[in-house]
Amino acid sequence: MSTSPPEAPAGLSAPRESPLRVTTLDLPAADESLAAVPAPTPALPAEVPELVLADGPDGPDGSAPATGDLLDVLAPTTGERLLRVQDTGPDLARDIASAVAATSASDWAWLSPEDRARFLFAVADVLADHVRALAVTAALTTGRPLAAGFTRDAPAAHAAAFSAAGWADKLPAVGAAHRPGGGVVVVLATWRTSTADALSAIVAALATGCGVVLRARPAAAATARQLVRLAEEAGLPPGLVRAAPGADAAADAVLWSHDALVAVRADGSADDLRRVGVALAHRGTPLLQRLDAPHVDVVLAGADLEQVSTALVEASAGGAHQRPGGSRVLVARSVADALTARTAPVVARLRTGHPLDRATVVGPVPTPHLARAAREVLDSTDGLPAGLPPGGWWAPPGLATVGRHSAWPPPGPVLGVRSIRSPADALPHLAGAGSVTVWGGELGAEVPAPPDPRRDALDLVRACRA
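Take any residue in the sequence shown, note its place counting from 1, add 2, and you have its number in my numbering.
Misleading hints may appear alongside valid ones.
[Unchecked claim] Taking CB as the label site, the calculated pair distances span:
| hint | residue 1 | residue 2 | range |
| --- | --- | --- | --- |
| 1 | 108 | 351 | 54 to 64 Å |
| 2 | 353 | 285 | 30 to 40 Å |
| 3 | 391 | 53 | 35 to 45 Å |
| 4 | 448 | 313 | 20 to 30 Å |
| 5 | 407 | 448 | 21 to 31 Å |
| 6 | 389 | 335 | 32 to 42 Å |
Quick caveat, the hints were computed from the structure, so don't treat them as lab data.
The beta-carbon is built from N, C-alpha and C at its ideal position, and this holds for glycine as well.
Turn these sequences into a full structure, and let the hints steer you where they fit.
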């Protein structure tokens, strides 16, 4: 059964007809999808632009003229320039936010909750047309293997977008409220921001009647451009979702102080997010943040080691993309040797290669300093295959034993492992953890759950209430 889309009010194009209660995403067969991606070449695939511009109120197709500084985005595979990004200045940032606020008030916020929901379900529907472009873009700009983009990121993004769209006509039931006058939500996106996180934040903000400014750092700018195009193809009002790429601190300050700002959703380091929080504090603007805090696996004596080993291999393959704060493993001494013997050989065999290679499991890490730090922890590059570009940000996957006086490895394919005598010994190591998974028992203390884009979207919906 499907629900027909509403007639398009003035200023909106009709949404694509979409089954509103179907939660599956039809993707191409894995082999066909991966085989269709061109082999790595110096030229950029059609999905990735050579120049990413801001979505200004003037210029062709709503793009701003190419004024101001152009920032280089380096390719993780080579360390050479991949593309360039316009560094949105303060004046243009103000104009973009004002244009989004005006569009939200005139063309979006006045719609009924049911009509907004139908348009937003169309966003989840249109995602299927953008899976390839998003996966290729992430592969080239952050090193995320293409296979992971198809098999993990696309289904996660669809589920998150579909879930967030469902809140549009249920706002009072979840302690949220519609904003009849519209407003602006800024999504601060970095290389850490997954497609699921970004898309769920966009849809959640739109569900309340707000528009969205994607404040994308250079490495995330090409993905932001794809998401803006996705929103337009779903039939949303032109200009309701706009990109303002760059890293200009003055432009950030303009956005944080804009009169129409309702909330900010951001990823980043503790220092970066602290600065954003301080800038927002004087107006009390909500900040929904995802810190670069480590994920900790606590493996107790009763754990199913096969299940734990599978999860750790997956964490190594996902690297900094899956766990931007790094991976730490605290394992009971009685099972430490057995877990290491089971896991280390499998991790060492994970194929490292170009992220567009359909057989690659571990691509380059997103930044050069993470690659250097990971190689220092392993004190070797023996795990890297021959033939990789020498300037790339490569790090071999592996397990590193962490002693009392040694540091944990950085985010990436290297997992730090430390033995503990009892569950109580794990508690001091959980300070500052972003999320914790306990295997084989209980710690007797409350621990943070792994991040969930759907839960984050609900938090954002509530933060946007008038």
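Evaluation of the provided hints:
1. Range check, residue 108 to residue 351: about 57 Å between beta-carbon atoms, so the 54 to 64 Å window is met.
2. At roughly 49 Å, the beta carbons of residue 353 and residue 285 sit outside the given window of 30 to 40 Å.
3. At about 23 Å, the CB distance of residue 391 to residue 53 disagrees with the hint of 35 to 45 Å.
4. In this structure the supplied range 20 to 30 Å holds for residue 448 paired with residue 313, their Cβ-Cβ distance being about 21 Å.
5. Hint check: residue 407 to residue 448, Cβ distance near 29 Å, so the stated range 21 to 31 Å holds.
6. Restraint check, residue 389 to residue 335: a C-beta distance of roughly 40 Å satisfies the suggested window 32 to 42 Å.
The structure is inconsistent with the numbered hints 2 and 3, although it conforms to all the rest.
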